[in-house]
Amino acid sequence: MTLPDLSKTPKIDKVGVHERTNRFCTRSIKTSAKQMGLHLALSMIDLTTLEGRDTSEKVKQLCYKARHLDDSIQGLPNVAAVCVYPTLVGVAKKELIGSDIKVASVATAFPSGQSTLEVKLNDTRYAIAEGADEVDMVISRGKFLQGEYNFVFDEIAAVKQACGKAHLKVILETGELDTLDNVRKASDIAMHSGANFIKTSTGKISPAATMPVVFVMLNAIKDFYKETGIKIGMKPAGGISTAKKSLQYLVMLKETLGDEWMNKDLFRFGASSLANDILMQLKKQETGIYQSLDYFSKD
Amino acid sequence: MSRIDVLKTYKIFIGGKFPRTESGRYFHMKNAKGDLLANMCLSSRKDFRNAVVSARKAQENWANATALNRGQILYRIAEMLESRKSQFIQQLISTGSTKSAAKKEVALSIDRLIYYAGWSDKFQQIFSAVNPVSSSYFNFSILEPTGVVSIIASNENPLLGLISLLAPTIVGGNTCVILASATNPLVAISIAEVLNTSDVHAGVVNILTGDREELLPYFASHKDVNAIIYCGDNLKEIKEVEEITTENLKRVSIYRRKNWEEGESQSPYFIEKSQEIKTIWHPTEV
Amino acid sequence: MSKVDINKSWNYAAAPESTAHIQLKKKYDLFIGGDFVKPLSKKYFDTVNPANGEQIAKVAEANKQDVDRAVKAARKAFKSWPKLSVKERGKYIFRIARMMQERAREFAVIESLDGGKPIRESRDIDIPLAANHFFYYAGWSDKLEYAFPNRIPKPLGVAGQIIPWNFPLLMAAWKIAPALATGNTVVMKPAETTSLTALKLAELIQDSGLPKGVVNIITGAGETGAAIVRHPDVDKIAFTGSTEVGKLIEKSLAGIEKKTTLELGGKGANIIFEDAAIEQAVEGIVNAIFFNQGHVCCAGSRLFVQASVADVVIEKLKERISTLIIGDPLDKNTDIGAINSTEQLATIEKYIAIGKKEGADIYQPKSQLPKKGNWCPPTLFLNVSQSHTIVQEEIFGPVLTIQTFRTIDEVIEKANNTPFGLSAGVWTERGSKIFKLSQKLKAGVIWANTFNKFDPASPFGGYKESGIGREGGLHGLKPYLKLES
Chain A
1 MTLPDLSKTP KIDKVGVHER TNRFCTRSIK TSAKQMGLHL ALSMIDLTTL EGRDTSEKVK
61 QLCYKARHLD DSIQGLPNVA AVCVYPTLVG VAKKELIGSD IKVASVATAF PSGQSTLEVK
121 LNDTRYAIAE GADEVDMVIS RGKFLQGEYN FVFDEIAAVK QACGKAHLKV ILETGELDTL
181 DNVRKASDIA MHSGANFIKT STGKISPAAT MPVVFVMLNA IKDFYKETGI KIGMKPAGGI
241 STAKKSLQYL VMLKETLGDE WMNKDLFRFG ASSLANDILM QLKKQETGIY QSLDYFSKD
Chain B
1 MSRIDVLKTY KIFIGGKFPR TESGRYFHMK NAKGDLLANM CLSSRKDFRN AVVSARKAQE
61 NWANATALNR GQILYRIAEM LESRKSQFIQ QLISTGSTKS AAKKEVALSI DRLIYYAGWS
121 DKFQQIFSAV NPVSSSYFNF SILEPTGVVS IIASNENPLL GLISLLAPTI VGGNTCVILA
181 SATNPLVAIS IAEVLNTSDV HAGVVNILTG DREELLPYFA SHKDVNAIIY CGDNLKEIKE
241 VEEITTENLK RVSIYRRKNW EEGESQSPYF IEKSQEIKTI WHPTEV
Chain C
1 MSKVDINKSW NYAAAPESTA HIQLKKKYDL FIGGDFVKPL SKKYFDTVNP ANGEQIAKVA
61 EANKQDVDRA VKAARKAFKS WPKLSVKERG KYIFRIARMM QERAREFAVI ESLDGGKPIR
121 ESRDIDIPLA ANHFFYYAGW SDKLEYAFPN RIPKPLGVAG QIIPWNFPLL MAAWKIAPAL
181 ATGNTVVMKP AETTSLTALK LAELIQDSGL PKGVVNIITG AGETGAAIVR HPDVDKIAFT
241 GSTEVGKLIE KSLAGIEKKT TLELGGKGAN IIFEDAAIEQ AVEGIVNAIF FNQGHVCCAG
301 SRLFVQASVA DVVIEKLKER ISTLIIGDPL DKNTDIGAIN STEQLATIEK YIAIGKKEGA
361 DIYQPKSQLP KKGNWCPPTL FLNVSQSHTI VQEEIFGPVL TIQTFRTIDE VIEKANNTPF
421 GLSAGVWTER GSKIFKLSQK LKAGVIWANT FNKFDPASPF GGYKESGIGR EGGLHGLKPY
481 LKLES
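Residue numbers (my numbering), protein chains in the order written: chain A, 1 to 299; chain B, 1 to 286; chain C, 1 to 485.
Isolated chain A (complex conformation) (with noise of 0.2 Å):
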């Protein structure tokens, strides 16, 4: 595909953005409601750790959890997938083998962006020979805000290349956009290009994902499906760390987006803390008790 015509990129009112969004979350998830909310959400997530102080152990211990994340609750699923850095993969595949968990790697000089192309996509065939199945790359804002469209459109096409059979989620930075405007035409010249997903943030900066920012994201690929019948997929990350949060995040997607979205091969939490307030939510519809991180496993 080629870069889509932007100046017919759809305007975004951001106080209409926030009102919409504000209404999402007066939505009541209760019961049976809430219990499958929960579960799905945890389906959902991409757990992730990316700090520069990672060693082997850190990743050993975090697949661990991915794979039993609370032995006392029956019937729950695995997570999505674990994000790490490249050089984390080999022991992330590793830990995984036997389970449905996939291996997401970030690349392209994450998370700055500031570097050349070739070792950008060094960056991402690394990650693949290591056994990668995802890779979360990112694009370069600065030409972005600087107007260059073609070059982060060409980018964003290199890697897509480089990924091979892998999957490939485009990291906007959202919060280095200015606008929902800017988000919105990110979103077309990302999925345009050749993302298999498209995903709010690094979780380095503030603001991360966002509501109004997703719903805009959101939108933009419910309009893409429409022109081109190519379901792209949604990860926002950072920020979401409360199941109350994850479940106002489904309720946007099923009233945008609908059921078929609803499953990790379209939608991913890139989160850390997540999972433990939902087991924690979970044990507490169980139990009636409100719980304790005490009781569930940090890793």
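Derived by calculation from the structure, the hints in this document are not laboratory data. Be aware that a few hints might be false.
What the hints assert, rightly or not - Calculated pairs, BS3-like style, for lysine-lysine (alpha carbon to alpha carbon, straight line, at most 27 Å): (1) A:LYS11 - C:LYS318; (2) C:LYS8 - A:LYS222; (3) A:LYS143 - A:LYS160.
Stated by the list, open to error - Partner residues aside, some chain C positions facing chain B, computed with beta carbon under 7 Å: (4) TYR146; (5) PHE435; (6) ALA457.
Built from N, CA and C at the ideal position, the CB exists for glycine as well.
Given chain A, work out where chains B and C should sit, using these hints.
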């Protein structure tokens, strides 16, 4: 054996917290009989500097709160003050007020807070304008808060004088740093406690106790302060204020009145004094 | 715990609002002179939950003598109320505002129970706006000398106020608050299908210590209202309701010196330009006509969409309304509640039938309507023109007519081509277009890139047959004052 009272430590109020003066200095506050009431903080220029930083930090969010929200917060301050009436009456009596004068001053202070609470979402309606210009533009003028205001509070009417300057300044979206009166700085710190329990954002009001002569030049010269309100009739001080403030062209309001109970001591014009006027043009043809 | 299958469709479970904490009597009397008194008529009528037809309580029916009693109480109170210090007067009204905030949840539940609107709306919109309305006008009590240059404002006396069933507590606030702040006393009649929140307000007013007789709330139907209008000792009539009744009231007062304000019907034009933020505009359409089941005088009931984006807008609109949940007003997830009464439902269905008969294309999403109660799904009529009855007459239900336009002049002409003039909406990202349209549209309230937004500080009211006078803001004081020079 009779019970020993726990004596109160009066600290200053900056950024929603009660720190001691960074200078470590104090001055004696005595009652009419000469007994020691408290060791008050003798604030320094650095305390003032820190207070201005807090006030500036808080200003944008405070101005962005809805007018209704600010009005409700001022009403809340009135509710809190009403519930602590007796404490304030006592404090005023301790520095020489009669019981009936103290009761009157407290009641008027509460009512004045409610008065200004009610102006929050109305003063804009009476001071703004849509201007019928002779070209295809929609032209309107609105008031905007000037920013950070430094206030030298009245020495007379230590409670009412303070409220009479504080309320109209903040209801319009400004933040402030106040130098409390010398005659009764205790009520000023007690007001700080009331503000702290009234949902007023941290940093919107900052209150210092100390020496007017020492601190006045800083209140008047600080370049990150947009306006100054001086209450008093010392001609030397007034001249000093008017001279020093030219440095950054601060807006200056001088109130020579000693009595905030009589005459027109509350009006929307007190709010308007700390507001700028912004005029906006927008084309009306397509 | 049963096994959870995450491959199934995820649907919302029932999320009922708790009603255990509310206090409702089985029988309500008239609130006159600060007390609840038995009606001289000795008659009571039922108030019913429109979601299931069940009786909630019995409410007194005021006859002519009861009206006379209430007016006398208001007149007696008027001897002292305006003489009270203005700042103390304001403090009473502040008390009412604060108490309403304290009892907000109870008011919201009863509002939905009695009237049918979704709890989400009464909780998040109606009740907070009502409390804020009292708060706003409380502040004017001691500031009236600033409101009207070169004039001395004086109260009119006893105000007779008749309010409708679509925003019961909010309309009570819109009437009572400015009347009190300006020094008048009040005899108010809520609509007969929605009296309960007004009666709870009466209880609150008792608790606030407001001097007896300053506010009198008497319940009843059309006859009671007529008696208030005709009463010779009422100085001012304020009416919100249908244009038809409004005209009758004006006619009956011809030659009689009695000030009136009227807030009547509407047929608001909602205009979407091609350069609008389309997604938000579609949401705006939903808010304009399906908010409160369309029981809104200022509803955007006529959609005008620019031809070049009509297909996209209509497609997105159909998708959006398929996610609206119609159901129990007390379920927190309900978007569209019950139609207020069987009479109103009959009216709406009548218009839907006319629309079909006159050849318009109807669209209604598939919805599961509850078996008992009064329900109407969101309804679109496409391929309509100016002369269709459903485009001209106010339906007062969740029914939207959709027309297209090509040019600015065309849409202005069509939007203005109606005897009504209450509201209009303009959707475009171009500022100059907003200003141009708002200058040309003949409506008392114009919303740009939004709809159905209300605020106590914002004046509301109509042009032409949508009414006379404004409520809200500084301008909302005028109807309750005589301005002496």
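Hint consistency between LYS8 (chain C) and LYS222 (chain A) [alpha-carbon to alpha-carbon, up to 27 Å]: Within the cut-off at roughly 21 Å; holds.
Chain B contact restraint for PHE435 (chain C) - C-beta distance below 7 Å: Since the shortest Cβ distance to chain B is 4 Å, the answer is holds.
Given hint LYS160 (chain A) paired with LYS143 (chain A) - CA-CA distance at most 27 Å: holds, 19 Å
Interface restraint verdict for TYR146 (chain C) against chain B (beta-carbon cut-off 7 Å): holds, 5 Å
Holds or violated: LYS11 (chain A) to LYS318 (chain C), with C-alpha atoms at most 27 Å apart: holds, 20 Å
Hint check: 7 Å Cβ-Cβ cutoff, ALA457 (chain C) to chain B: Holds, because the Cβ-Cβ distance from ALA457 (chain C) to chain B comes to roughly 5 Å (cut-off 7 Å).
Violated hints for the displayed structure: none, as all numbered hints are satisfied.
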